[in-house]
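J.: What follows is the residue order along each chain.
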Amino acid sequence: MKPLDSEQRTSTAAAALEEVSFTYAGGDREALREVRFEVRPGEMVGIMGASGAGKSTLAKCLNRIVPRFEDGSFRGIVRIGGRALDDERVCDVASMVGMVFQDFEAQLFSTSVAHEVAFAMEQIGMPRDEIAARIGPALAAVGLAGFDDRDPTSLSGGEKQRLAIASVLALRPGVVVLDEPTSDLDPEGKAEVFALIHRMRGQGASLVVIEHEAEELRHCDRIVLLREGEIIAHGPPAEIMVQLERLEDCGVHPPDINRVIDALGMHAHAASVEEAEKIIRAHFARTATMIGTTPASAERVSPEPRTDDERAQPFLRVKNLSFAYPYGPRVLDDVTLEIAAGEFVAIIGQNGSGKTTLAKHLVGLLAPSAGRIVIGGRDRATLQPAETAHAVGYVFQNPDHQIFAATVADEVAFGPRNFGLDDAEIARRSEEVLRAVNLTGESDRDPFLLSKGERQRLAVASVLALRPRMLILDEPTTGLDYREQRRMMALVGDLNRGGIAIVMITHTPWLVAEYARRVVLMRKGRVMFDGGVREFFERDELLANSSFRPPEATLLGRRFGFTALRPEELADWIKGRG
Amino acid sequence: MPIYLYIDRGSIVHRLNPTVKVFALFIMFWSVYWVDHPLALLPLGLVMVALVQLTGSWPNFYRLRWLFILLIFFTTLAWMVFYRKGPALINTRIIHLSRASLVFGFGRGLKLAELLATSVLFLSTTKVEEFTAGLQRLGVPYRVGFAITLSFRLVPLFIDSALTVVQAQSLRGYDFNRGGPLERVKRYVPVVIPVFMGALRKANNMAMALEARGFGISATPTSYIDYPIRARDRVAFAALIGLGIVYFLIYYSGWGAISVK
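Just so you know, the sequences run in chain order Y and G.
Quick note, the numbering used here runs 382 ahead of the 1-based positions in the first sequence.
Quick note, the numbering used here runs 585 ahead of the 1-based positions in the second sequence.
Extracted from the complex, chain Y is given alone in its bound form:
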């Protein structure tokens, strides 16, 4: 580990860790190893790293959750505002270090927005007048002015997370720690929260933000990269973002634009798509080559993989499907859709647009209010459970909603056993699907001891064991780090090439760009767009209204007149012209 220089080791740091090591009770290795970390007043520091690298543990040291709440052995010193903490409890430092967690449902306890903001102030015994005086400004700061009497459960995800931030800000802590605050949010909520974080900068508090999409941390003052409990790099974004291999090695998704610049053989950092365009144009101007300028003349290097032949024999047909809960509003409104065998479709749209409701109809968890669904030539309503399971598999967003067995093998065997398959066939299928999801040799392990990524793959395996011809995946990469996301998507891609149709509900732009071949955009229960991925990314007016932002490689490519789907593709295209 690189030592911090003397200028950085001032005692005026807003918060600092000195040689901190921590091992969780029952853990087989140190979660943090002699970590030296500090955040100076007014500074914004980003922390990145793979799952299990120690990001959350580091953050939790700052407000005493480690070691007061989490059991384990702790060594080192934590300083807040220069003062070393001794036997303070978590609640004792609440007014100095505020913390916002990923699970926004679990940090709201009140029945009204105003009460929620008041909560922490009540706990520390603040006088009533002052509490009342602080609620308004705290809500205004997060853009929730006038929400005072709303029930927090009625807010959107982004609003809930902003409310959690307001309740922390009301105490005016010197340091605010945000632990993956946007992981469970849709793109709109994510944008809201990051816009807020950027507004919070320079308003006094020091910020520590944990995030695994490097793009989001581009405007930090400093970035700290963790691997296996150690800080392996730290510095300004311009230094860290160009270390692409190192970022990937740490389970972090490197920014698209840096990947394009790197693939073009340049060593430069771009802080925005505009800047990347300038850098590339300047480079090629020197080498006297011409690159297109008109975004409208979108070129295509590869044809859309979907052919009319595939569309002629749809495996799944949704006709004029509408759905409303009793006494509720319409969730689906006249949806018509056909999906052929072997297709790869991404369903996108804001939370509440009807994506999951549509998917639940396909497996018969919901019955249409109007319209019908035909699978393999038969009306869905006439299919027996075993026939449905053989036609369409559904992998829920959270693998923990289905995992219960004592071993991996039992978990996979659960479905086939329910449908009465014999032991020999179950064993054959278990082996086959565990190989497919790369969990061979793990069959005797306890599923609850697997990593999140492994549990997600186990959930896929246990659905695959029923050999469905189509697989629906609801947000298959939520909560996974970049490496696990890639592994998961490689698996999904393999299944698709093996002939299984994929319907993926997702919010993640690069997953749509790099893996899907067709996009279905939903809004307020209606299908707003249904077509090829490149075609979708060229529909500016549609994108503007959908809160779905294409990946930066696509945005950059369109500035050169080419709708790229991945950074390498764009770099090759530019090279070809140059």
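Honestly, the hints are just simulated from the structure, not real lab data.
Only true hints are included.
List time: in silico DSBU-like cross-link candidates among lysine-lysine, alpha-carbon distance up to 30 Å: (1) G/K787 / Y/K834; (2) Y/K701 / Y/K906; (3) G/K712 / G/K787; (4) Y/K742 / Y/K906; (5) Y/K834 / G/K771; (6) G/K670 / G/K696; (7) G/K787 / G/K771; (8) Y/K742 / G/K787; (9) G/K696 / G/K712; (10) Y/K957 / Y/K660; (11) Y/K742 / Y/K701; (12) Y/K742 / G/K771.
Listed below are several chain Y residues computed to face chain G (Cβ distance under 8 Å; list not exhaustive): (13) C473; (14) A476; (15) E487; (16) F491; (17) S492; (18) A500; (19) M508; (20) I513; (21) V745; (22) A768; (23) A771; (24) D782; (25) N800; (26) F830; (27) S844.
Glycine is no exception: its CB is placed at the ideal position from the N, C-alpha and C atoms.
Put chain G on the given structure of chain Y with help from the hints.
T.: This is chain G only, laid out in the frame that chain Y set:
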């Protein structure tokens, strides 16, 4: 599904001091406790109907109407099996229908229904925060009061997660309704385990978030909302004391009991 029963109507009952409302809950339970006879329970029932009308709580009662009907019906029926007193109109090995068993069973059903109605009425007119404040004022430690009110928030979350788990397992071909009663209970293992594990994780996250916001630093936190005692609270308090005394006297005099000749 709305998560709370609270209906924001702003009636005079809504505006009562939370301590008085918690006290009212206690007095209603107290009064119901002392008497068994349906005729003695009837005035309390009428008071409740009047309060439901006054507070505009009908939507909650409409939602729970079957619960009330079934509660009264099955309790009455059940006591015909166990309460084998009085001259029988019908007497089989299972059912003993007499005037006494009918009155007693119906009285028990009414009692349970009134306890439930009191609770629904209370939750329809009291915010969770008011509940905590009311309990605190009556001497219940803040932590205990908060734990009780937090459970109201957790239950809907767990129900939600249980529904998702049931869906996930049924898609894997699981049939929950096979076998005898014991077998059926066992068949819920694939639901209970994920829900329980999820609940543990959720509770852990909540505990962390609570402490991070200063929960536990003081045994007596301040309250953002002031709950002053007004004239109407004094009147309500006096009326409740009166009600409590009257019902104790009804019990003491023996009028509220069911006599079997």
